[in-house]
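Asker: Listed here are the chains, written in short residue letters.
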Amino acid sequence: AQSVSQHNHHVILSEAASLELGCNYSYGGTVNLFWYVQYPGQHLQLLLKYFSGDPLVKGIKGFEAEFIKSKFSFNLRKPSVQWSDTAEYFCAVNAGGFKTIFGAGTRLFVKA
Amino acid sequence: GAVVSQHPSWVICKSGTSVKIECRSLDFQATTMFWYRQFPKQSLMLMATSNEGSKATYEQGVEKDKFLINHASLTLSTLTVTSAHPEDSSFYICSARDGTKYEQYFGPGTRLTVT
Chain G
55 AQSVSQHNHH VILSEAASLE LGCNYSYGGT VNLFWYVQYP GQHLQLLLKY FSGDPLVKGI
115 KGFEAEFIKS KFSFNLRKPS VQWSDTAEYF CAVNAGGFKT IFGAGTRLFV KA
Chain Y
948 GAVVSQHPSW VICKSGTSVK IECRSLDFQA TTMFWYRQFP KQSLMLMATS NEGSKATYEQ
1008 GVEKDKFLIN HASLTLSTLT VTSAHPEDSS FYICSARDGT KYEQYFGPGT RLTVT
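Chains G and Y supply the protein sequences, listed in that same order.
Each position in the first sequence, counted from 1, maps to that position plus 54 in my numbering.
Each position in the second sequence, counted from 1, maps to that position plus 947 in my numbering.
With the rest of the complex left out, here is chain G (with noise of 0.2 Å):
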């Protein structure tokens, strides 16, 4: 069965620190990759996501993610964070069919 596994539960980070949060995936076919975040009292929104071509996708407000094959690793960073991207950030694989099977999500906060 699929599998999306999050690393880290929280992170506190100070602002202007680079951030990496790991996403790693068990399913060894073709996958469609994506990033969502919540921030408080939000409802989910797509960062960003990878179905083909470059590995190293850019989403929305400076986020970045690299899916890389080998590893079936699909890590979200970003080289300065700010107090704004304090939010939930869930990983999630859709192995071609209609389930998207999420992450564990990782709580960061930032301090301003």
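A hint or two may mislead.
[Said to hold, decoys possible] Here's a subset of chain G near chain Y, in silico, CB distances under 10 Å, partners left out:
#1 N86
#2 F156
#3 G159
These are calculated hints, taken from the structure and not from any lab test.
Nothing here was measured: the structure is a model prediction, and the numbers come from that model.
C-beta: ideal position from N, C-alpha, C; glycine also.
Since the structure of chain G is already known, use the hints to place chain Y on it.
Answerer: Okay, now just chain Y, sitting in the frame of chain G:
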């Protein structure tokens, strides 16, 4: 962009009553809709997947007679929690997918409190 709405955003009901939650895709046709449940500090748990005009497919462990899902049109799906109990209190989120696109658009969620 694609917008999904949910109504109500918050509902309080007494134990034993039923509650209906609506999910609407406002500017696209949602061939597939998903219903999730989110517990505090936890990830989204997929409850069921519904395709327009078909019966919903429920995930293992989700009682289909308790959580009734109707996807009657390409823009509307409803989740009815029947005979609600306090343990059904949770945050229910719907999402919708447009055709063959794999991207899902999420609604703002409905907080259900059963007293």
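Asker: Could you run down the list of hints and mark each one as holding or not?
Answerer: For each hint, the structure was consulted:
1. Interface restraint check: N86 of chain G against chain Y, minimum CB-CB distance 5 Å, threshold 10 Å, status holds.
2. Among the interface hints, the one on F156 of chain G holds; its C-beta lies about 5 Å from the nearest C-beta in chain Y, closer than the 10 Å criterion.
3. Evaluation of the G159 of chain G hint against chain Y yields a held restraint, the C-beta minimum of about 5 Å falling below 10 Å.
Every hint from the earlier list agrees with this structure, and none is contradicted.
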